[in-house]
Amino acid sequence: MGKFTEDDLKKELETKEYEYGFYTDIESETFPVGLNEEIVRAISMKKEEPEWMTEWRLEAFRYWQAMVEPDWANVTYEKPNFQNISYYSAPNKKPKYDSIDEVDPELLETFKKLGISLEEQKKLAGVAVDIVMDSVSVATTFKKTLAEKGIIFCSISEAIKKHPELVKKYIGTVVPQRDNFYAALNSAVFSDGSFCYIPKGVKCPMELSTYFRINQAGTGQFERTLVIADKGSYVSYLEGCTAPSRDENQLHAAVVELIALEDAEIKYSTVQNWYPGNKEGKGGVYNFVTKRGICETNAKISWTQVETGSAITWKYPSCILKGDNSIGEFYSIAVTNNFQQADTGTKMIHLGKNTKSTIISKGISAGRSQNSYRGLVKISPNADNARNFSQCDSLLMGNKCGAHTFPYIETKNKTAQVEHEATTSKIGEDQIFYCNQRGIDTEKAIALIVNGFSKEVLNKLPMEFAVEAQKLLEISLEGSVG
Amino acid sequence: MSLKDKLLSSYLAFEDNLEQDSPIHDLRNEAIKIFESKGFPSKKEEAWKYTSLNALLKSDYSVFPKQLERSIEFKEVKKYFLHDLDTYKIVFVDGVYSSFLSETTHDKLDVCLMSSALNKAKYKPVVEAYFNKAAKQESLTALNTAFAKEGAYIHIPKHKEVEKPIEIINFSTGNEAAVFLQPRNLIVVGENAHVQIIERHQSLSENEVLTNCVTEIFAEKRAHVDYYKIQNNVATASLIDTTYISQERDSDCNVHTFSFGGKLTRNNLNFYQEGEHCNSTLKGITILEDNQHVDHNTLVHHIAPNCESHQDYKGIFGDASTGVFNGRVIVEKDAQKTDAFQQNNNILIDDKATINAKPQLEIFADDVKCSHGCTIGQLDEEAMFYMRSRGIGKKEARALLMYAFANNVLESVKIPELKRRINKLIANKIGVSLGFEI
Numbered sequence: 001m002g003k004f005t006e007d008d009l010k011k012e013l014e015t016k017e018y019e020y021g022f023y024t025d026i027e028s029e030t031f032p033v034g035l036n037e038e039i040v041r042a043i044s045m046k047k048e049e050p051e052w053m054t055e056w057r058l059e060a061f062r063y064w065q066a067m068v069e070p071d072w073a074n075v076t077y078e079k080p081n082f083q084n085i086s087y088y089s090a091p092n093k094k095p096k097y098d099s100i101d102e103v104d105p106e107l108l109e110t111f112k113k114l115g116i117s118l119e120e121q122k123k124l125a126g127v128a129v130d131i132v133m134d135s136v137s138v139a140t141t142f143k144k145t146l147a148e149k150g151i152i153f154c155s156i157s158e159a160i161k162k163h164p165e166l167v168k169k170y171i172g173t174v175v176p177q178r179d180n181f182y183a184a185l186n187s188a189v190f191s192d193g194s195f196c197y198i199p200k201g202v203k204c205p206m207e208l209s210t211y212f213r214i215n216q217a218g219t220g221q222f223e224r225t226l227v228i229a230d231k232g233s234y235v236s237y238l239e240g241c242t243a244p245s246r247d248e249n250q251l252h253a254a255v256v257e258l259i260a261l262e263d264a265e266i267k268y269s270t271v272q273n274w275y276p277g278n279k280e281g282k283g284g285v286y287n288f289v290t291k292r293g294i295c296e297t298n299a300k301i302s303w304t305q306v307e308t309g310s311a312i313t314w315k316y317p318s319c320i321l322k323g324d325n326s327i328g329e330f331y332s333i334a335v336t337n338n339f340q341q342a343d344t345g346t347k348m349i350h351l352g353k354n355t356k357s358t359i360i361s362k363g364i365s366a367g368r369s370q371n372s373y374r375g376l377v378k379i380s381p382n383a384d385n386a387r388n389f390s391q392c393d394s395l396l397m398g399n400k401c402g403a404h405t406f407p408y409i410e411t412k413n414k415t416a417q418v419e420h421e422a423t424t425s426k427i428g429e430d431q432i433f434y435c436n437q438r439g440i441d442t443e444k445a446i447a448l449i450v451n452g453f454s455k456e457v458l459n460k461l462p463m464e465f466a467v468e469a470q471k472l473l474e475i476s477l478e479g480s481v482g
Numbered sequence: 001m002s003l004k005d006k007l008l009s010s011y012l013a014f015e016d017n018l019e020q021d022s023p024i025h026d027l028r029n030e031a032i033k034i035f036e037s038k039g040f041p042s043k044k045e046e047a048w049k050y051t052s053l054n055a056l057l058k059s060d061y062s063v064f065p066k067q068l069e070r071s072i073e074f075k076e077v078k079k080y081f082l083h084d085l086d087t088y089k090i091v092f093v094d095g096v097y098s099s100f101l102s103e104t105t106h107d108k109l110d111v112c113l114m115s116s117a118l119n120k121a122k123y124k125p126v127v128e129a130y131f132n133k134a135a136k137q138e139s140l141t142a143l144n145t146a147f148a149k150e151g152a153y154i155h156i157p158k159h160k161e162v163e164k165p166i167e168i169i170n171f172s173t174g175n176e177a178a179v180f181l182q183p184r185n186l187i188v189v190g191e192n193a194h195v196q197i198i199e200r201h202q203s204l205s206e207n208e209v210l211t212n213c214v215t216e217i218f219a220e221k222r223a224h225v226d227y228y229k230i231q232n233n234v235a236t237a238s239l240i241d242t243t244y245i246s247q248e249r250d251s252d253c254n255v256h257t258f259s260f261g262g263k264l265t266r267n268n269l270n271f272y273q274e275g276e277h278c279n280s281t282l283k284g285i286t287i288l289e290d291n292q293h294v295d296h297n298t299l300v301h302h303i304a305p306n307c308e309s310h311q312d313y314k315g316i317f318g319d320a321s322t323g324v325f326n327g328r329v330i331v332e333k334d335a336q337k338t339d340a341f342q343q344n345n346n347i348l349i350d351d352k353a354t355i356n357a358k359p360q361l362e363i364f365a366d367d368v369k370c371s372h373g374c375t376i377g378q379l380d381e382e383a384m385f386y387m388r389s390r391g392i393g394k395k396e397a398r399a400l401l402m403y404a405f406a407n408n409v410l411e412s413v414k415i416p417e418l419k420r421r422i423n424k425l426i427a428n429k430i431g432v433s434l435g436f437e438i
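Those protein sequences? They're chains A and B, same order as listed. So the first sequence is numbered by the working numbering: it starts at 1 and just counts up by one. So the second sequence is numbered by the working numbering: it starts at 1 and just counts up by one.
It is worth saying that the hints were derived from the structure and are not from the lab. Ideal Cβ positions, reconstructed from N, Cα and C, are used throughout, including at glycine. Among the hints, a few may not be true.
[Stated by the list, open to error] Distance windows between CB atoms, simulated:
(1) A:THR54 - B:LYS352: 38 to 48 Å
(2) B:ASP290 - A:ALA66: 16 to 26 Å
(3) B:LEU57 - A:LYS203: 54 to 64 Å
(4) B:LYS352 - A:THR358: 26 to 36 Å
(5) B:LEU12 - A:GLN83: 29 to 39 Å
(6) A:LYS162 - B:ASP367: 37 to 47 Å
(7) A:THR358 - B:ARG388: 27 to 37 Å
(8) A:GLN83 - B:LYS4: 51 to 61 Å
(9) B:GLN137 - A:ASP71: 16 to 26 Å
[Claimed, not checked] Derived lysine-lysine pairs resembling BS3-like cross-links, with alpha carbons at most 27 Å apart:
(10) A:LYS347 - B:LYS352
(11) B:LYS352 - B:LYS79
(12) B:LYS43 - A:LYS412
For reference, chain B alone in the conformation it holds in the complex (with noise of 0.2 Å):
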């Protein structure tokens, strides 16, 4: 049976589970109808044309995982977690909320579960306000919507300045052979509220998994939103991240993605600048080796004038990885004034390392500023010679200057712990120690 048919039959048994009077019910019988008849989608599809999801559709996934019998302790996974920073946490274990890892609150602001937020009947009017109202119909995400259960919720009020970072945790233990991991994240921030967000997918063995994430952000007026991808799960995890933001005026939405590991990662991150004067910055830095694959694929749709987009994504692709970056500014007519720019670097370090890269402007107003530059190349080797007469090793002054390429994308986050931790994993993952920080 295919996974196509698999979760098809499933919906029916998870259907029949849920309360008929949610008030996402109807929802969720559309949007699996839109699944039914788009299904997963495929090469022939443009926005898929360099990412193939076939090889990842064979296994035999579950869909409903069991659940760990023991719990899973904090020091055994304290090192995937901001440790050294007092921090919101909601942690999810197979899809489930895990209580005893989690640090929550309701007080003055709700950091909390999907799962009360579509229960409850406090939430009720924020559900029905803002649930899948930003997310488009798209088949993966319309997967997403109809089994859409469990996640995080986060509502920040108006005014509110989150005083520490919040941060989503999704682990998966290998409880079974191979699991289909599906979280819905809504994350609704108030007028002139300020809010931090890490995110993170990480397994914790060397079974199978497939997440396929939908997240949906509303930026009110003013509002202010950092939010932080970090992807560098293991060899046999793949990942499926949707995030749609939708941007009221003034508002300033920034999201950094840093893709360092995982199988197959697809990043469709997608901005909506409904009101004037928004600032949306997305930047990434993505490093890879064996076969792994990352696709970028990132849209900025200008709807309002006097908006601005900044683009930034640098990637450094060794051993036969791949790399597509797909990005796509669209300028409506009544936008005017808008100010967009998309940048994209690559360096190719291994004769099998692949990158497609597809940048695109889509401009339908006169009075705008559009550009964009994409790059593909090398270490500068005169740099590099200059370093080795200096007595620095070959590692390490390649190191320097993977640093130097990628400083511009980690020199904006804005969480001196975070950035410290995103060193770290560069070091690692390039093979160096540098002793000092960048």
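If we strip away everything but chain A, and leave its shape as in the complex, we get (with noise of 0.2 Å):
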């Protein structure tokens, strides 16, 4: 192999295809375009819902019509018009699963290809998953093991006819309809995601995982996941995401809601691979994401997020510590490459005493790329001692991309303790050529240098999950991860 160069991982990059962009032929059932109190009438009513429901749809219908999209971030692109898709589209042959031998073979083809082949996975990895693809719930799996211990794991569809006591309760208090302008759109119209349930002091035995998919063209995803973590519960969730590529762009509006009671845990893992557009920035996924989870007294929220994909990418996992003790945490790393967009980061509210947080957010823009990090800490009068720390590094490679840092930082409380600091930097002459002097190629030192670059946050992902976060950085990066 010749001399590799940061140039030849850069061109490499650029032309790296999308390995995730077939198009899978399955029969679905699409709704006319446009939105209006019909179409949401008529998808809680596809979906069986019960009347409170349907209210509740229809309220935050109403907030939506009101609200005006949000400009404020560092991302430019055409407003998606949002009279001109689809809001529910389903795969056509939707029985009912209890095993994956049942599994329509086509979309069983669909997961291999994507990677996550249901079997090896149900063998090897020990992981529930829930397949959500356009907007459906297709297949969870270990739903007995998990029934076992008391854990409700299903789509929210499911959850929202079983177990209409839980979700009536918590949907909605950690992500009001009125949130934002994304998350109204997303409570009106949402046709399904996951719903998991851990009761009072259960371990989880194996993590959780759902993986969105969307399939068909000129709809939109809009999925809705609540985790509720009971007192003293621990649960790991793990959520993957992929698009076929497709010349226009795809919205994706998605909400998760967090609750960790007192004493939970909840570990929350995103691998993101949305179609990112092709190389002259046509097509890709705009994925608008609200995530947000509430942790009650000594509970502990911990994000940790992938970010390969997608054309435009607007998504702050935050955190409102409000019991006591609670410690929030968000290890990122958000690669963009050609055109990609991405404004990314973290909100974290102390309002308990004794509150922690932590903050690692690692950037890497390629090609034409921006990259922005965006970042709140709020510390509370009430929040006596409250502590974060914050760290936020960009790695450039191109002189056509950007790297951007916008930190807020409040502070009400004296007794608080905020650290923040940020660097900008490329890969210098100099680390590569130490690598080379001491027997190391170039292409095996840039490698080096992103995985170390990376490694705080990789490290925070569970196993089973780090493999294919390795995999998805290849796609984005190959050639500079070993």
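Using the hints, put the two chains back together into the complex; each one sits in its own frame.
Structure (structure tokens):
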């Protein structure tokens, strides 16, 4: 192999194709485009939802109508036409599966291509997976094993039917319907998503996982995830996403709500690999996601995300540290390439006493992409002895991309300790030279440096997921991660 | 009538009195239109997120204050000058030049007035080349441009090292119940020239004052500018101070801002590095109490390669005071090899004090070294205990720690008399006398 320079890497990054860009020809039922109260009702009816849920959706829809799309993020794009999207698309053959063997072979093929062979995962990883395709949950594995522990892990539509008391009590408590433009939209039209409840004192024996995929053209995906960890319980939750390559921009507006009751711990990991558009910046998914968790006393929420896809990312997984001694964590790697734009970060709202939060954010920009970190650390007057540490590092590859940092720090308590630091750099010639000098070729050296740069975050991913995350980083930065 | 309407109608009267062939006639008309369409900034604007002008804008300000009949005696205001040092002085009382208190010059360099620069033919080329050239079309700057009439005009020719510092002082006398002042300064520092400037706004009464000051500084090749802003005004005075600094290659500009007083102070400090190998330093010490509010809004725009910038702001906030730090560093894609550093450290002393910090980096070039750090914390309990155990009183121990905290900024003040003065201001502010100098 010849000499691999940073320029080669750059070229490779630019030309590397999206591996998951296939489209599965599955017959599906898709609603006509457009959005009005009728459509909202129709979705609700289709899902056989109770009256209160329909009302809840309509309420959200009315809020949404009065709202305007936010434009404060550091991204530029053509605003989607919300009347030009189909708000419901479901694979047509939609029986209920009890085991993997009953699943439509074509679907299984899709999952194989995605690299998440269910069978394999079942055997090797012991991961329970809920798969959401075009907004509808198609398969939930390991349900029985989980049921024995009293854990509820199912699609949210099933939960609305079977556990309405839980859904009613918690939905919209962390992300209210009128929270923001996209959350309101999601509340009105969400078609499915995952629901998870861990009973008191139960430590979930396996990683729970959801896989999202947009398949149909001209559809938006709006899923809603609700995770409730009751007192003293623990759960680790994984989420992954892909979409076919299309010339148009697809919209993904999800809402994730986490509720960690006293002494509970939730670990939420995301590997986001929506189609980022081609190398001219055509197509790709608009990813406008609202993720937020609330921590009661002594609870802990940890967000880990690896963001490699989407044309536009607009995402701020947040923690409301309501209870005393609660802990919030945020670990993120965001890789942008070609014409991708990411504006992502976190919010840590300290309300309780002795609350702690840690933010580690790594941004890697290549091509003509723009990568922004935007975060808020807020210490309220009652949050005595609150502690925060934030670190945001950016790595630039090439001089056509940009890396930006917009941290907001608001402190109203004199006992607070807040630290923030950020650096921006490129892979130094001296670093490469040092490696070369010791017999490590340039390709390996770049791999080594990028790997070291992201290690802090990669280490936080659950074992089962780390493999996949590594794979996705390879797609975005192949030749540099060894 | 709102202040905006009042200003717009006063502008018509103001404009009628001016000579129509003034070189900046068109600029004024254009500027008032910008202000008319944008109005006063509100909290909805990102740059004003943490500072609201609403409470200030309610007062019935006099836009063209009546002049005081008696003149101010030097001994009344002596303490506001660096009186133990020989300096050039440009003094304004209620927006009007006071020749009695001033000491200007035309000998080899111009230390004089904006009004003469705008009106005399011999300054026309300079005014045309520089006036409003660095200023941006922000609403408050535009408002100042529209009413620009008086202020300091300083022009240092090539290779001239100014032997003594220049003081620019704006007094307000309280001759009117509430007064709105808009000084406009223009400072042009020629190639290889060197100048030190101290700026101060001081109210002599308890009447309300709102000052909207704009300063433009041009540093030519290898020029060296040291600028000190002392903000220790009375509790009824508010200041919006906007400074634009345009730097050519190899120039070195340092701005120190000491904010100890005033009701609301907003500093917009903007650096534009147009040439290679520029160096910009922005430092500040903020010590607040009561309900004071200080907002430091800085911008360093790295346009050319191989430049450096350093920012270091320290803040100590007591009582129910509010501190805002909004620092922006932009590195353009051609500005390779930039070295930009930004630091903001804050100490909260009381429960009701608030800090809002937003240090931002926007980077479009890859071969750069940019970093920022921001901390919020308390005085070190262990250090306090150590000093107390050695017989140092609580107040003094606290003061020592505060001095140590702020010292990085203080020690880079290059005029010893000024440093001593600031030391004294800090000691007064904290209410201690240490008996030695730091």
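Verification of the hints:
1. A:THR54 - B:LYS352: 38 to 48 Å: holds, 47 Å
2. B:ASP290 - A:ALA66: 16 to 26 Å: Roughly 41 Å apart at Cβ, these two residues miss the hinted range, so it is violated.
3. B:LEU57 - A:LYS203: 54 to 64 Å: Once the Cβ atoms are compared, 58 Å apart, the range 54 to 64 Å for LYS203 of chain A and LEU57 of chain B holds.
4. B:LYS352 - A:THR358: 26 to 36 Å: At 27 Å between Cβs, range holds.
5. B:LEU12 - A:GLN83: 29 to 39 Å: violated, 48 Å
6. A:LYS162 - B:ASP367: 37 to 47 Å: violated, 58 Å
7. A:THR358 - B:ARG388: 27 to 37 Å: holds, 33 Å
8. A:GLN83 - B:LYS4: 51 to 61 Å: violated, 39 Å
9. B:GLN137 - A:ASP71: 16 to 26 Å: holds, 21 Å
10. A:LYS347 - B:LYS352: holds, 22 Å
11. B:LYS352 - B:LYS79: The hint is violated at about 32 Å.
12. B:LYS43 - A:LYS412: Holds, at roughly 19 Å.
When held up to the earlier numbered hints, the structure conflicts with 2, 5, 6, 8, 11 and fits the remainder.
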